[in-house]
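Chemist: Start from the sequences and build out the full structure, keeping to the hints where you can.
These protein sequence lines map, in sequence, to chains V and B.
According to this note's numbering, the residues represented by the first sequence are 15 to 449, in order.
According to this note's numbering, the residues represented by the second sequence are 224 to 670, in order.
Among the hints, erroneous ones may be present.
Footprint (simulated), chain B over chain V, 3 or more residues, beta carbon under 8 angstroms [to be verified]:
(1) 195-207
(2) 405-415
Pairs of lysine-lysine residues, derived as DSS-like cross-links and limited to a Cα-Cα distance of at most 30 angstroms, are as follows [stated by the list, open to error]:
(3) 392(V) - 74(V)
(4) 192(V) - 288(B)
(5) 416(B) - 343(B)
(6) 288(B) - 125(V)
(7) 533(B) - 436(V)
(8) 394(V) - 192(V)
(9) 349(V) - 155(V)
(10) 241(V) - 288(B)
(11) 182(V) - 459(B)
(12) 431(V) - 533(B)
(13) 459(B) - 192(V)
(14) 136(V) - 349(V)
(15) 74(V) - 363(V)
(16) 446(V) - 288(B)
Stretch-level coverage of chain V by chain B, calculated; a stretch enters the list once three of its residues show a Cβ under 8 angstroms from a Cβ in chain B [said to hold, decoys possible]:
(17) 125-138
(18) 268-275
Hints in this document: simulated from the structure, not taken from any laboratory.
A virtual CB, placed ideally from N, CA and C, is assigned to each residue, including glycine.
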Amino acid sequence: MRRQLLRRGAVLLVVVPLAVLAASSTGSGATRSTSAVSGSISFDGVWTGAEASAFGGVIKAYNKLYPKVKVNYKPVGDNLPTVVSTAVAGGNPPDMADIAQPGLVAQFVKKGALKPITYSRKVLLANFSPAWIALGTFSHKIYGLVFKASNKSTVWYNVPAFKAAGVKAPATWTQFTKNAGTIKSSGVPPYSIGGADGWTLTDLFENIYLRQAGPAKYALLTLHKIKWTDASVTSALNTMAQVIGDSANMAGGTSGAVQTDFPTSVNNVWESPPKAAIVLEGDFVPGVATVKSKPGTGYAEFPFPSINNSPASVEIGGDTIVAFRDNPAIESFVKFLGTPAAAAAWAAKGGFATGNKHMSTSVYPDATTRATAGAIAKAKYVAFDMSDQQPASFGATVGQGEWGLFQDFLRNPKDVKSIQSKLESAAAAAWKSGK
Amino acid sequence: MSAGNVAVEPPLEAASPPEMGQGRSRYLTGTFFLLPAFIMLGVWIVYPTVYTIIRSFFGLNGFNKFVGIDNYKTLFTTPTLTTAIKNNLIWVAVVPAVVTAIGLVFAVLTERVRWSVAFKTAVFLPMAISAFATGVTWRIMYVQDPNLGAVNALGRAVVEVVKQPGSLTTALPSTSTVTGSASTGMTLQTPLKPGSVALIGLTGIATDEVPAGAVQAVDPKPEPGHIVGTVWRDFKPGGGVPGKVEQGELGLPGVTVQLRNSDNHVVKTAATGDNGVYDFGVVTPGTYKAGISAGTFAKPWAGFAWLGTKLITPALIIAYMWIWAGFAMVVIAAGLSSMPRDVLEAARTDGASEWQVFRKVTVPLLAPVLSVVFITMIINVLKVFDLVITLAPGSSQNAASVIALAMWRTSFGGINDFGTGSAIAVFLFVLVVPVLLLNVKRFRREV
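Modeler: So this is what it looks like as structure tokens:
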């Protein structure tokens, strides 16, 4: 810890005189306000490997404007919650971090570990829709910026199977289920369900719930402010049963679906001839497929259909940028990350989506990403994955809580009432213990 | 097992010295040499054990809250945890005995085959594969679809000797005038008279499942005295009009259609042509129905759901025995080779049959070796973990759970309840202790 402090001090010592020199030599001008800012920022992030180097590109773009600030990005990886929590507990957090768990951000806000980024309000309002700003707002203050997002409201399908059935990508749920009937008649099971991984089922439920019950109820259910026995949950489960209720609708039938893991469920749709026509999961689906298929002619994507005229809605996963300290260098970097230029610096390299509505979608490297990533900036309703915000025993444990109970629901989709009461008692226990 | 190592350390007092000074230095030397072992044991065994036992009486968050035996109550009242205990009992009841038996049989038999080294190597090979890799491999082999899972592919090969699947395994009626299902066969409910046309539309047939040679379906012309009809894939892109033969819909050739009279007896059969048309020929006046027998729709064998909740524990046990049979065989074979041959010969000379020799001579003489294998297997089985977590899919892990897995899932699998996790660990420890004591006792006897 001490060594880190020393290093940071050393950088400051080097940078400050340089800045003074630079300011005196170049004199005044447009660059003065930016080049006057100097310092160094320690930044702990979940991004490693290719993602870390892509973020390096973002830092480079930032340094073009602010050459006197050094951003020391440390690729911590998936252990970030432990590493940063420990650092916060020890009183020496990094200057900034990006956090994939919205629940952890909320926890840090509660502890008073984070500094609000209210100074970036103007930039954010100019570039993001209110729904996006709300994702980083806690107790009426902006603390975070969801810089990198993934779209979990996408549906992937086998193009030849759709052609053979004579159906087109649907926009509404009614059309979607009608298509499924037609696809079934054509001899291909419409859905491939990766039921061995419980989270694929919670994602499906959450997408339905966000559209059918609306974002307000979604937020309440997320925080367990309404019960899982609520009527809105009943109707969402009934809607979900339209997909998983008929064994003949799924590749391998009900018993096959329960044993199918997520990668297999993707391959089922990628194969030729396909084992199923549709797989319902996020924008990361093509990256999981191990069967070769071409975008456009082999597989394609459409947004999760609207239910009862719900407006464009997306469920996202995302990495939130937060600041543990306050100084001009950090301020300038946070503001920069809110600009289209920052998003574009990564977007061109792929594997990235932003809610920034002023970044042109033409920056994305391919047509598929343009569609999936473009949809999230345009959406009216944006919501974080609900199960990711639950206590772990309810939202993220194999065979337990939501994962286990939604698998039970897949096994027996008629039993809505009993699943609801089981979900409620599991949720109540988890929220009570906080684990 | 480390406890066994402690017990066989030579007792210190054995070196009791005559002179005081010399004794002290010897004592010091002894302590000095024992120190590294004691430190290792203390750091890696004693401290974690004591810590875990104390931790098991506290709640979720560190040592903040003393909860008494609540964690142990949780252990015996939570369904997922009691299932784990129950499963472990099944494992202990089945695996050590069966593995020892298989090992014994293999060891005795390999003594008599020519390629015994090759055979032994093959049986022992799974021991060289990590349990993790074994789990992943068997998970693939256990996949339910016989086209993918090796185990069910074998099953299908056997089943299909007896029962061939039909030609239209996925077909469904296209309209409500055709009733029935794949298991009962399908019947056109419209009453037929000589001169009628019987259209039997089917859907749910993928284009690549349409029998070879199929061409555009044809609406048959009624012929006086005949009953004619068409069996066709009543589907074109978009769905088409159900019940109507349309452009772009294929006939289903080679389907046997039955004509049944009012007593539901089959009076005539006819096969469809490439365009799906069939003709029963001249029919005596009366009312009939046309239908297709269940054999046409007989589904291929679907395979056992090895990875489902009901079969997962047997599936795991089979894979586990595949790993450990080799170990048992090698240890027992070693015991066998050091066995005095003359005893066997004597028994044979006295007129004992091979079975009698095996039961009355070989097995009793091998008893010490068999008990080593058996006890080792009990300990191994009590702590089984890696195979279960890799082989059982997430949806079956509750059903497949064993104590060690339950401990890991409770402590690190998202809930991070170290209190209950520690209680499970202590419980597992208590289960292992009697077996360990048995082992220690046996070691002592051998020393």
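Chemist: Determine for every hint whether it applies to the structure shown.
Modeler: Verification of the hints:
1. Given a C-beta distance limit of less than 8 angstroms, the hint that chain B covers the stretch 195-207 of chain V holds, as 6 residues qualify and 3 suffice.
2. Counting residues of the stretch 405-415 of chain V whose beta carbon lies closer than 8 angstroms to any beta carbon of chain B gives 7, which meets the minimum of three for the stated coverage.
3. Distance hint between residue 392(V) and residue 74(V) is fulfilled; the C-alpha atoms sit about 28 angstroms from each other, no more than 30 angstroms.
4. The suggested pairing of residue 192(V) with residue 288(B) is violated, with an alpha-carbon distance near 56 angstroms, which exceeds 30 angstroms.
5. Between residue 416(B) and residue 343(B) the alpha-carbon distance is near 72 angstroms, which puts this suggested pair outside the 30 angstroms criterion.
6. Our distance criterion of 30 angstroms between C-alpha atoms is met by residue 288(B) and residue 125(V), whose separation comes to about 21 angstroms.
7. The suggested pairing of residue 533(B) with residue 436(V) holds, with an alpha-carbon distance near 22 angstroms, which does not exceed 30 angstroms.
8. About 26 angstroms separates the Cα atoms of residue 394(V) and residue 192(V), which keeps this hinted pair within 30 angstroms; it holds.
9. Proximity of residue 349(V) to residue 155(V) is assessed by CA-CA distance (about 16 angstroms); at most 30 angstroms being required, the pair is judged to hold.
10. Our distance criterion of 30 angstroms between C-alpha atoms is met by residue 241(V) and residue 288(B), whose separation comes to about 29 angstroms.
11. Among the hinted pairs, residue 182(V) with residue 459(B) is consistent with the structure: their alpha-carbon atoms are about 14 angstroms apart, no more than 30 angstroms.
12. About 24 angstroms separates the Cα atoms of residue 431(V) and residue 533(B), which keeps this hinted pair within 30 angstroms; it holds.
13. At roughly 15 angstroms between alpha-carbon atoms, residue 459(B) and residue 192(V) fall within 30 angstroms of each other, so this suggested pair holds.
14. Straight-line distance between C-alpha atoms of residue 136(V) and residue 349(V) comes to about 9 angstroms, which keeps the hinted pair within the 30 angstroms bound.
15. At most 30 angstroms may separate the alpha-carbon atoms for a hinted pair to count; residue 74(V) and residue 363(V) meet this at roughly 14 angstroms.
16. Using a Cα cut-off of 30 angstroms, the hinted pair residue 446(V) and residue 288(B) holds, with the two alpha carbons roughly 15 angstroms apart.
17. Using a Cβ-Cβ cut-off of 8 angstroms, 0 residues of the stretch 125-138 of chain V lie near chain B, which falls short of the minimum of three, so the contact claim is violated.
18. With a cut-off of 8 angstroms between beta carbons, the stretch 268-275 of chain V has 5 residues touching chain B; three or more are needed, and the interface restraint holds.
Hint check: violations occur at hints 4, 5 and 17; the rest are consistent with the structure.
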